[in-house]
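Participant: The primary structure of each chain is shown beneath.
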Amino acid sequence: MSAAVLPLPPLDDQRISPRAYLAHIGALTRRNLMRIKADPESMFDAILMPIIFTVLFVYVFGGAVAGSQGHYIQYMVPGMLGQIGISLAMAVGTGLNSDFQTGVMDRFRTLPIGRASVLISKLISESCRSLLSLVILISFAMLLGLRIHTGPLQLLLALALAMAFGAGMVWVSMLLGMALKSPQAVQGIGFLIIMPLQFGSSTFAPTSTMPGWLQAFTKVNPLSALADSSRALINGGPVLHPALQVLAWSVGLTAVFAPLAVMKFKKRT
Amino acid sequence: MTKSAGSPSAVTVRGMAKYYGETRALDGVDLEVREGTVRGVLGPNGAGKTTLVRILSTLIRPDAGSATVAGWDVLQQPRQLRRAIGLTGQYASVDELLSGYENLYLIGRLLDLSAKGAKARALELLERFSLTEAARRPVKTYSGGMRRRLDLAASMIGQPRVLFLDEPTTGLDPRTRNEVWQEVQRMVSEGSTVLLTTQYMDEAEQLADDVTVVDRGRVIAEGSVEALKRQVGGQTLTVRPARPEQLDEMVRCLAGHGAVAARGELVLPVGDEEQLTALIGELGRRGFGVAGIETRLPSLEDVFLAVTGATAKDAPAQPAERNQQAEQDQSRMERV
Ligand SMILES: Nc1ncnc2c1ncn2[C@@H]1O[C@H](COP(=O)(O)OP(=O)(O)OP(=O)(O)O)[C@@H](O)[C@H]1O
Ligand SMILES: [Mg+2]
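In order, the protein sequence lines correspond to chains A and B.
At position 118 of the first sequence (counting the first as 1) the number is 118 in UniProt numbering, and the numbers step up by one without a gap.
At position 167 of the second sequence (counting the first as 1) the number is 167 in UniProt numbering, and the numbers step up by one without a gap.
By construction, these hints were calculated from the structure, which means they are not laboratory data.
One or more hints might be untrue.
[Said to hold, decoys possible] Computed list of lysine-lysine pairs in PhoX-like fashion (alpha-carbon distance at most 25 angstroms, straight line): (1) A:Lys267 / A:Lys181; (2) B:Lys140 / B:Lys119; (3) B:Lys116 / A:Lys37; (4) A:Lys37 / B:Lys140; (5) A:Lys264 / A:Lys181; (6) A:Lys266 / B:Lys116; (7) B:Lys116 / A:Lys181; (8) A:Lys266 / A:Lys181.
[As the list claims (entries may be wrong)] Looking from chain B toward chain A, a few residues come up when the C-beta cut is under 10 angstroms (computed): (9) Asp63; (10) Leu81; (11) Gly86; (12) Gly89; (13) Lys140; (14) Ser143; (15) Arg216; (16) Ala259; (17) Arg263; (18) Glu265.
[Stated by the list, open to error] Computed list of chain B residues with no C-beta within reach of chain A, every gap over 10 angstroms: (19) Glu22; (20) Arg83; (21) Val225; (22) Thr238.
Glycine included, C-beta positions come from ideal geometry on N, C-alpha and C.
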C-alpha cells in the first residue's frame, strides 16, 4: 500500500469546480436518503399526514363548510398541497438541529467542500420526501372522490408550485434550525409560524365570512395564493395572478433565506 | 524519532485568544509544531485544549491572534487548510444511522476520491482499526471504543498532513489504546504531523516528541518530554532488599540522604551519577543484600503537578488512570 501523504491534488484557490461541487452534493444527498432507509419511521409523517388530514377535514368539516363532502374535497384538497408542503418544510430545521447536536456537522465543516453543499443536499432529499407526500395526498383524495377537472399538466404545475414554495420555506426552517439551541425550540417556533399561515388563509374555508382584519391578512398570506392557484389548476379558473404571487414568494424567500442559512452554517458556534 | 530543530513548522500559533464572556478559554497562546513531529497538549478540564483544536481546524474563529496550519492561514485560507487536515474531535462525529463503511466512504467522496478510491480507502482503514467485521452494521450498534476507532479512521481518510486528535483515547481499554497509538505512529511515519490533546501523562510520554502544558488558556510549560522531566528534578532510586526484614535498617542507614520505605522498597532521590555510585557503594560496604535496583525519571504527572502548582488540585483526579499510570511507570523503570 502507498505510504505517500497527500494523494489529493492541492487546491491553490478557494474555489471548487462545479463538477466537484455536484459530486459533493450527490454524496451528501445519498447519505440523507440512506438515513431514511435506515430509519423508515422518519417517513411516517410524510406518508400519514396527507391521509389523516384529508380524512379528518373532509369528514369533520366537509358537510358544515361546503354542504357536502364531495364539494369540500374539491375545495380543500388543492389547498392541502400547500399545507403539507409547508408542514414538511418546517420539520427540516428540527432534523438539522439534531444533526448539529451529534457532531456530524463538525466533521462536514472541516472538509474542503462547498459551503452550501450540505444544505442543498438537505433541500434535495426533503423535496423528494415532500413530492412523495403530495403524490400520496392526490392519490388518496382521488380514491375519496377528487376529480381533476383540468388535465395532468395542470396537476403537475400545481405540485410544482407547492414544491417551489416548500423549498423557500425549507431555507427559513434551516436557518431557524441552526439559530435556535434545541430541536424542541425549533419545533415550537416553527409551529407558531405555520399555524397562523395555515388557518389564516383560504386553505380550509372561504375567507368571505372572516372579519376585515383577518381578510386583510389572508390576502397577503402566500398560502392563500397557493391554495387559490392550486384550486384553479385542478378545478379550472383564473390561475395567473395567484400563481405569480406564489412564484414571487418562493423566489423571494429563497433569495433572502438561502444566503442567510449558508452564512449561519459557516459560522455556527 | 529524532527531528532536526530546523525542520519547517507545520502548525504556528501566535497570540491566540478566545473569550466566552468572562471565561478566557484561550488567553494568548503561542505554539509551534515542527513538521513530522507529534505535539502533546496537556491540560486539565477547561484548560482550553478543545478550543485550540477547534480554532486550528476552522470550526470556530479566534477573538485575537493568528495561526497557520500546513502553511495555510486559519482565517484567510480555510478551504486549502481543510484539505490538509484531519480532525478527531473530543466527541464522536460519525453518523449513527449509517454503517461504518458508509461513513468512511462518504468522507472519501467528499475529499474528492473516486468511487473506487473511496471504497478501497474505507476498506483499508476499517481493516487497520479492526472494524472489518462490523463494517456493514449501523454505527448505533457499535461500542464506545468502536465508535472512537471509526472516528479516528475517518480523520485519516485523506492522509492529512496535519492530524488533530482531541483526547483520542479517552474511554478506551488498554488494548484499543495501544492500537490507536500504533496507528498514530504509523501516520507520523508516513509523514503526517500530529497535534494531540490529552489528560494522560503516559499518552504524552508514549507518543509526543514535545509537550505543551496549558492551564486556564495559557501555556505554562513547554519542551521535550525529557527536558520537562529534568526541569522537575533528578532521578528516583528504588532498591529492593534481598532480605525484606532488613528494609528498615537500610532506610535508617540512608535516612540522611532522604530515603523512605515504600511498598517493601527503599526509595530516595538522587541528584547525579556520582551520588548514585556513592549510595550503592555505601549499601555494599554495610553488607546489605540487594535483590534489585532501579532508577526512573519523574513521570509527566509529577511534571504536571509541579508546573500547575496551586491549580493542580483543580486538575482532574484521573481515577483508574492513576493506578494504571503508576503501574506503567513501574514497568518503564530503567535497570541500572
Ligand atoms: N461554547 C462555549 N460557550 C461558553 N464557554 C465555553 C464554550 N466553549 C468552551 N467554553 C469554556 O472555555 C473553557 C475552555 O474549554 P475547552 O473545552 O477548550 O477546555 P478543554 O481543555 O478541552 O477541557 P476538557 O479537558 O474538559 O475537554 C472552559 O472554561 C469552557 O467552559
Ligand atoms: Mg476538551
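Participant: What are the numbers of the hints that this structure violates, sorted from low to high?
Facilitator: As far as the earlier hints go, 6, 7, 9, 14, 15, 16, 17, 18 and 20 are violated by this structure, in ascending order.
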